[in-house]
Each structure stands twice: as structure tokens, then as C-alpha cells.
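Since chain D is already given, all that's left is putting chain W on it; use the hints.
There are 2 protein chains.
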Amino acid sequence: MTTTLITGAVAILSLVLAAWLAGRLIKQKIADEGARLISGYIKEGAMAFLWKEYKILAIVVMVLVLVMLLVPAWSWKMAVTFLVGAILSALAGFVSVWLSTAASAQVAERCQEDANAGLRLSFLASSITGLAIVGLGLLGVAVFYLVFDEAQIIFGFGLGVSLVALFIRVGGGIYTKAADIGADWVGKIEEKIPEDDLRNPAVIADVVGDNVGDMAGMGADLFESYVDGLIAALALTLAFLPLFGVNSVALPLLLAAIGLATSIAGGLVVMMFKGDTAGLIRKGNWLAAILMIIISFFAVRYTVGDINIFWSLVIGLAASWLITGLTKYFLSEKRWLVKSIANASGTGAATNIIYGLSWGMISSIISAAVVVAAVSWSYKLGDLFGLAIASWGMLSNLAIILASNTFGPIVDNAAGISRMAGLGHQAQAGSEKLDEKGNIGATLNKNVAIVSAVLTAIVLLVSFSQMVNLETVNLLNIKVLLSLLVGAILPFLFCALTVKSVGQAAAKMVEESRRQFREISGLLSGETQPDYKRCIKISTNAALRQMILPGILAVAAPLVIGWWWGAESLVGLLVGSLVVGFLLATWMVNAGGLWDNAKKFLANHDLNQPNGEAYKAAIIGDTVGDPLKDVAGPALNIFIKLMIIVAIIMAPLMMK
Amino acid sequence: MTTTLITGAVAILSLVLAAWLAGRLIKQKIADEGARLISGYIKEGAMAFLWKEYKILAIVVMVLVLVMLLVPAWSWKMAVTFLVGAILSALAGFVSVWLSTAASAQVAERCQEDANAGLRLSFLASSITGLAIVGLGLLGVAVFYLVFDEAQIIFGFGLGVSLVALFIRVGGGIYTKAADIGADWVGKIEEKIPEDDLRNPAVIADVVGDNVGDMAGMGADLFESYVDGLIAALALTLAFLPLFGVNSVALPLLLAAIGLATSIAGGLVVMMFKGDTAGLIRKGNWLAAILMIIISFFAVRYTVGDINIFWSLVIGLAASWLITGLTKYFLSEKRWLVKSIANASGTGAATNIIYGLSWGMISSIISAAVVVAAVSWSYKLGDLFGLAIASWGMLSNLAIILASNTFGPIVDNAAGISRMAGLGHQAQAGSEKLDEKGNIGATLNKNVAIVSAVLTAIVLLVSFSQMVNLETVNLLNIKVLLSLLVGAILPFLFCALTVKSVGQAAAKMVEESRRQFREISGLLSGETQPDYKRCIKISTNAALRQMILPGILAVAAPLVIGWWWGAESLVGLLVGSLVVGFLLATWMVNAGGLWDNAKKFLANHDLNQPNGEAYKAAIIGDTVGDPLKDVAGPALNIFIKLMIIVAIIMAPLMMK
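If you read the sequences in order, they're chains D and W.
So for the first sequence, the working numbering puts the first residue at 572; every next one is plus one.
So for the second sequence, the working numbering puts the first residue at 572; every next one is plus one.
Just chain D, with the same shape it has in the complex (with noise of 0.2 Å):
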């Protein structure tokens, strides 16, 4: 009751303070006429889709609400928490894409002065965005376990935030990349104009679309991490209630106030002290990492006191700060492997493409040996209650991490609106500086999204395979190893259909860019404007239809298998999807953060070829990157786990 309410009490703290900063971010006035005119038309087209989008998505969550109320084993209570979840998986969408758009004209024009100037507004930015959305996240679970005191209940709001969330992340995901795709090949390859230039039919598809797909797409993605993380450890810690008492479900909830309240601290030093902003960042970081350590230990020994459960957190911090520790080096443009992929497209856009799988593999690969790594070991030392420490440890102090690293999208909008509006050669070089720094942070998040989205979802399985009482799923059971392995297909159905929307949606808008250019005169001079309502239409179609079949087969799948061939082949089903999404998620994230990193290495320095040959290679790779990093890699880890909490929600279906 007290964590509860210390819970509540340090989330209502982060949302008044995310209203706060907002407002300070809203008062301060964009001076060029023009940067206000399009940074205008991005949030108008930006508000436009996501309205277009929620009415669909308002109306597969009723007939969910409704299909809840009428099935007996199910109780309204769990269509409210359903609801009010979908609803908050949305909001998180909103304010991520109100935040960006209001926040990348201002970051263009401080890019003016000096591109620290910048990255600090870009830092208050995402900072309010990480508040918003842990502090939603927290207090939408909190006050739901003090109504209901329920895990199942709870579980209703997991449902209706990831099912949201797959939405949007697909959703934007197609949109963006149909028009990124498009307006790359046929501006940058073929009328060799350079990148987010007005004469480009699809630029403002493009540049709406960083905010909806990325933006939004990243915004309910992680707070769909965060709810889920949570809830997970909840109902785990509860089936430890016997031994440690109320204290073991109190553990979460205070970890959660603790990494929320030393990130605030964490933030609040960047932005009180002035001087090298990405130095404070990290400082920043810092800090909130050792503030959370000594707190976490005294909340540890205060509730379940065993220490082995300390070191089990620690483990998952840590398994946290190696994946952005990892990313971060194998992605930096100073380091061998950019450079090596860089090296590899003067032989090639095939070269340059192989390199980029064989090396998004191998970042598989060790992804995987972390996993492996902190799940036997927190299992080792705290049994699963370490396991479900462990695994909340890593999206605890989600907060900071969301501050440092979401402003991708933000500084990516500000180089376009910079480059678009003409702010200066001094705006477009510091807003690009900033824009490689934003490109390994969203790779960062996104590999932070779906390592945690593992631990959640074996956190989950645990729960579920409790809740419906079993105690074996023998693989050699020809059923189990046969739905492992249909579970396994799955992920690559899910990319499959997502990767394939994309690519029919660019061709599409490659055909009409191709089309305007060759009848619409004067364009290419500048005489006439293109039309860009066409191509915004192409996109949207494509995001709205294409979205649905993704969401409605994680919603079948474990349905179908759960009723034909009961839980133990559930389990099964449930092993392989997760197992095989992991590595495949991980694969496209960074094998696409290569090839984009590699492509922007050669921009600015093609060694090889003074033609431009290796830069026009690293552009091929960059564009098959493109789906599969920002659609179907991250939408995965949602997918993952929306498909073992439909289970879940089916479990009283199942018992015997």
C-alpha cells in the first residue's frame, strides 16, 4: 500500500514535470517564416494520419471490448484495464509525434548557433517524451494494482497497450519507409537532387512519416516495454508471496519509483549545468546508474533482504548497459566495422549487402550470449524471483535511456526542415552532425526494446505456463516440437507481410515520384511545386490496410494453437516465435543500422571511388535496411510478446 503510493506519488511527479518542460518547450518561438510554414505541414500531415489511424484502431478495440463483456471467463473489469491500456498505448504515440514536431523547427534554428545548442533542446525534447511515458506507464499499472489487486486484471492492460502498439509500430513503419524509400531512389539515385529538397514529390511523405513511424512507432513501442516489463514482474513476484510476503510484489513497484525518480535526477543535471551537452548526457547517465544502485540496494534489503536478489538487478542494469555499450561501438562511424562496410560497397551494392547480413548476424549472436548470459545467471543466484528482478532491471530507469537516446527523430526532422527552409550552412552541418548521433541512439533504443522484450517474455512464460498449471512441456512430445516450430515460422510471416507492404508501397511511390517528375514541367527547376498530397495518399493507404493482418496474427495464432492442441503446445508455440523473433529482430535493427551508418560514412568521406560508385552502393543498402529496421525488426519484440499475454488473457479458457 505505501510503495503503492510512493509509486503513484513519483509518477504524478514525473508527469507534472513533463508538463512542465513541455510548456517551457511551447512558449519559445520559431523566428524563420519559413521553417514555421513546413514545420507546420509536418505537424498538420503528421495529426492528420494518426487521426485517420486511431478511428481504425478505436474500432478494433471496441469489438475486443465488446467480445470481452460477452465471454463469461472474462470480466468487465478486464475490458476497462483493456481499454484504458489501448488508450494510454495511443496517448504514448501522440505525445511522441506532438513533442517531435514541436520541438525540430526550434532544434533547426538552434542549430544556427552551435549544434550543442541543439542537442540540449533535442535532450529536453525526449526528456519529456521518457517522462511522459514511464510516468503513464507507472501510474496506469500502480493504480490499477491498488483497485483491482489482481494479475490477471492487469494483464487486460498489457493486452490492450501491446495490441495498440503493434498497430502504430507497423502502421508508421510502413508509412515512413514506403515514402523514405521513394523519395531516396528517385531524388537522391535518380535526379540526383539532394536529400529532403522540395522539388522531391515525396518529401513531405517522408518527412511526416520520420514522425508517425519512427516518432510514434517509438514511443508506444517503448512504453509497451515499460507497461509490460512491469506487469510481468508483478505477477511473477506475486507467486512469491508465500515466502517473502507482501514485500516480494512491493519490490517492483519501488525499483520502478527508484529508477524513474534518480533518471529525473539524472536529467535535471543536464539540463541545469551548461557547457558539452552529449558530456552531460552521459554524466548524466551516469549518475542516475550509481543513484539507482545505493537506493536499490537499501530497497532490497528492506523488503525480501537477500542479497543474491541485489545482484540479480545488477545483472540486469548491466545486461542493459552492454547492449548500449555494444551498440554504440559496433556502430560508431570511427570504429572498424562501419568502415569495413563503407570499404565493402566500393566492390559493390551486393558486397556491401552481404557484409550487412553476415555482420547483422553476428550482432545476433552476442545479443543472444547477453540473454543467455543474465538469465541463467539471475536464475542461478535468485531463482525466478531473480529472473523477474532481473529482467525489470533492465527497463527500470527506462526514463534516462529514453532522454538519451529518442531524439533521433527530432534532430532527423530538424536537418530536413533546415535543409528545406534554407536556415544556413552552419544549421544543416550541426543538424546532420546530430542526426548520426540520433541514428545509433534509435538503433540503441530498439536493441534495448527487444533484449528486454526476451527477459519480459520468459518472465511471461513462466507466469502463464503457472497460471494454467503446468509443470512439463516435453519437446519430445511430437506436438510441442511441432508447434515450436509453427511458432517459429511466425516471426517470419510477421516480417514477411510487413517487409513485403513496404516494398509494394515504394514502388508505388517511386512509380508516381518518377511520374511527376516526367509530366509535371518545371519541376525539376524549381518552377513548379510537385504534388505532394499523391504521394502522402500512397502512404497512408498502404499503412492503414497493411496494418491489420500483422496485429490479427498475433491474436490468432496462440488463439488457434492454445484451443486445437492445448497449453503445453502453446508453450511450445509461444518458445519458437520468441526465439526465432529475437534473432531476427536483432539481425534487421542492426544490420540496418550498419548499412545506414556505412552509407552515411561514405557522404562524408568517399575515398574510394570519386564518382560517388560506393556511395550510390551504400544508398542500395541503406534503402533494404530500411523495412527491416524500422518495421519489421522492432515491431517484433511487441509481437513477441502480445502473442504469450493473448495466452495469457486465454489461460482460464485452458484450464482443466
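No wet-lab data here; the hints were simulated from the structure.
Please note that a few of the clues may not be correct.
Repeated chains share a single entry, so a pair holds when one copy, or any two copies, can fit it.
Claimed, not checked - DSSO-like mimics (lysine-lysine), calculated; alpha carbons at most 27 Å apart, straight line:
#, residue 1, residue 2
1, 905, 1079
2, 910, 623
3, 951, 1050
4, 598, 648
5, 899, 1071
6, 1187, 759
The following block gives chain W in isolation, referenced to the frame of chain D:
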């Protein structure tokens, strides 16, 4: 005993027939001087590489023989079977190369008359391969079974066969693909000279590679599939001795004899009648299939006497036909899929690759559906015995499958020789037409090998768990779950290693070819010969150096996990590798096949872009697919089984 004698007799008949046909083949002379010369170069190059490769393999095999002799849990018998298996596997690779180098120049000359005559000779050559491979495999297993009468010992044979096949697949694959990519990129794209042009420095390495990679690799691979399939069926049916008596083991051997005999009958139809060869091959296949079903019905009836077992066999055969039919349908240039990927090339290399990637993924899903249906149905009908028979059913008529589909590298070489020796338009058009068919045949063989590998692997897994007395492998055990994850990353590691090796060697080949075009004056005009040997050296060194590590991986992984975490976790590891390896392999093989045929389609009718931009884009896709479809993908099916066989060999060390 009688069965073993019948089986041995059929196997010997098959070998005699192969020898007789081979005698007929080499008696025929090559009329054209140039073709004879080039064909001589190719043979020499291929044999030189095989010789070098086999010397290294001899060392590896000898070390393992020593280990087997020294560890008391194993016996000299196992060392003998292992050694013979390794030698036969190498022999299968050698025979395939020998035949292909002997036949390809003749096929090229026959195509001067018409493509039909060329196909006829190609069928003759690949029939010899089929008869030799199946005959050797069946004779080897039958003899060892008769002599030692112990499953564990025969697995030594399987280990030798699999290990050497893996090395040949990977080594040959790296050799050929490095040369292929280098020759295509610098020749076709950069210097814009035709395929298989003698001015291209990498051209000889490329055609030699077709033999040591595609031909030796495919030969050793399918020999391995056949042997392991038979051993797996024998080991599992042995467990049914109490139920069916000695008939239980007699059945798989009988089915092998029937499959081989009916294949011979089908092949004779093709050779004895004149007319449309492609039509005759279809008829021969039908005849073999119908005979196989009828005779098997009686074989089942008079051995185990259970009609359900007969239906299990039919399910296995049907699965094989289904995979064959689906591959033909989806890869046909006349169907929508290849056209749609060719179309996607019109909007750039990136959309081409994105389409290929996603359709490759969909193909994995289809294959997995076939596997799930075949396994669950045959298991339902005849329990584990039914599963063993279904799995063996897929491979028992391998001889005719091989005869019908293995001429890909032969006609590929024929096309190359006819271009290089200038055998005229008729010969070139004829051999190119066959080349398209050959490409589908190769993909088809790979798909049959992969799908049958999954069934074989499941049967082997069951045998392993019986040997170590495991009744349950609990997925809810965290160790098992993590082992499954570790198993799942092994195919990723395997692919990353092999694909990266190809990428590196190809990049070197591109640089060397560029250097020659730059530095050797008179090369492009045809006055000076390029330095072929330096290119051959690049391929040879890369192949020999990089083939070792993937092989060590397959042997070491089950050893380490088995020793460390025990038999239960080892099953988890093997299942993880099996599932992920299967999906990756199918995906890679089919995506690669699609890109290849989309390229061929555009070469024949590039309608969209007269300047050939779409064709260039399709070449990039094809090049990306090369290491996937010809190195990593098909080697995975061996990798999966090799790991399980290593586990089985280790079983005596793990029993408690």
C-alpha cells in the same frame, strides 16, 4: 538377411549400370578443338582443387579416427565405419565432378543439333550420378549393417559422410561464389562484357567453381541426405523389433531397394525412347512413382502388415512431390512470382532485394507447413514407426529425383563452354535454355534435401533420446530454454561465417579483376590473355581456409553443451538449431533462386527499361543471393544433421 542380400544386389546392379553408362559417355569424342581445350582446363582446375581439399580433409579425418580409437567408450568398429563413410562421401563428390567435366563439352556440342539432344545427354550424365550416389550409399549401409548389426556403429558411417559433405559443400561453395560474384561484377556490370567471356580474368575460376561447388557440393550433399535418411530410419525402426520382429528393420531396406529399382526402370524409359526428352523425364518420374507405390504396398503388407504404415510412406512420397511441385511452380519464369520480382527490379535493386527477401520468407513458411503436415499425419497414423517410414519415403526414390534435376551445373558449364569456344548461336541458345531448367532443378534438389533433412533430423533426435533414456525434455526448465536459444544462434553463426567468407573472397576477386583490366594492356581488346591463375588462387585459398571453422562449430557445439549441461539441454540445443536452420536454409535457397530466375527473365525480356537498369538491379539481387543459395543455405541441412549425429556418437558418454 534375405532383405539385406536383395538390397545389396540392387545396389550393386545400380553401380554396374552406372559404370556401364559412364563407359558409354566417355567413349564419345569432343569434335571441336576449342571446346576440348577449354573443357580440359576446367577438368584440370577442378581436379587440382579437389586434390588440395581432400588432402586437408584427410588430416581432419585421420585425427578423428585416432580420437575414436583412443576413447574407450568408442570402438575400432566405429573408427572403420567413420573412415569408410568419409571416403565414400569424398568419392561421391569426386564422381559428380568427374561426370560433369566429362559431359559438359559434349552437351554443348549436342546443343548445336538441338536443345533436346543436349538435354538427353545431360540426363544420361546425371543418371550416372544418381545411380552411383544412391548405389554407394545403399551398399555401404547394407554391408555395415550386415557385418556389425548395431545402430550405434553405423552412425559412425553417418558421421564420416556428414562431416566430409559439410566441408565439401562449404569449401566448394566459397570457391565458386567468390569467383562467380567477381566475374559477374567486374565483367558484366563494370566492363560490360558478356557472361563467360575469356577476357574476364575470373572466368576460368568461375567455371571450375561450378564443378567443385555446385557439382561436388550437390553430390556430397545428396549422398549425405540419402545415407543419413536411411541410417535414421534403420535406427528408429530397430526400436520396434519387439513389435514387428525383424521385419521392422527389413522394411526401410526393402523400400530403399524398391526405390532404387523403380528409379532405374523410370530412367530406362527416358533413355530407351526417342522424342521430347523433357516429356520423357516427366513420364519416367511418373512411372517410377506409380511402380514404387504399388510394390511398396506389397512390401509393407508382407513385412509389418499394417496399412497405416503404407499410408505413412505415401505421405513421405507426397511431401517430396509437393515440395518439388511448389518449387517448380514458384520458380517458373512463366508464373507471376518471378515476373513480379523482375518487375520490382524496375524500381531499383533495393525493391528487387526486398521482394526477394520477403518471398523467400514466405517459401519457408510453405515448406514448414508441408513438414508439419507430413510429420503430424504420419505420426498419427503409425506413431514413431510411421514417422520413420514417412521420412525415409521422401528419400527412398532419390535416384530418379537426382537423375531428373542434377544437370544444372552440367548445362551451366555447357553454356559457358559453348560461349567461350564460340560454338555458334544454336549451341548457345540451346544450352542457355537448358540452363534455366537447370537452375530450377538445382533449387528443387536443395529444397528436397532441406525438407528431408528436417524429417531425418526429427527421427535422429528421437533415436538420440532413446539412446540416453530421456523421456521428457522440459521446455520450462530454464537450462533447456537457454540451450534452445543457443542452438538457435548456431545457424546464424554458421551463415554469418560462410556468407562473410564469400563476401571477403569476392571483394578480393573484384579488386584483382579490376587490377588486371587496369594494368594488363590489351586485355579488353582481346589481344592479351588475363592472368587466370591469380583468380583461381584467390578462390582456392579462401575456400580451403574458411571451410574449417564451420565444420568445427558443428562438432564442438553439441560436445560442449552435452558435457556441460547434460542430455536434456543437448536436445534443446539440437531442436533450436534444427528449427532455425531449416527456416533460414529454405529462405536463403528460395530467395536466391528467385533472384536468379528474375535476372534470367529480364535478360530474356527486359521490357520496362530499354537501357537495362532493371537488369543491372536484378544482377545485384542475384549476387546477394549467390552465397545464400549456394553456400550457407544448402550447407545448413548437413549442419543440422551432423550436430545430431555428433550427439548420438557421444551418447555412450552421457548415459547415466
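task: Check each numbered hint against the structure and report the violated ones by number, ascending.
output: 2 and 4
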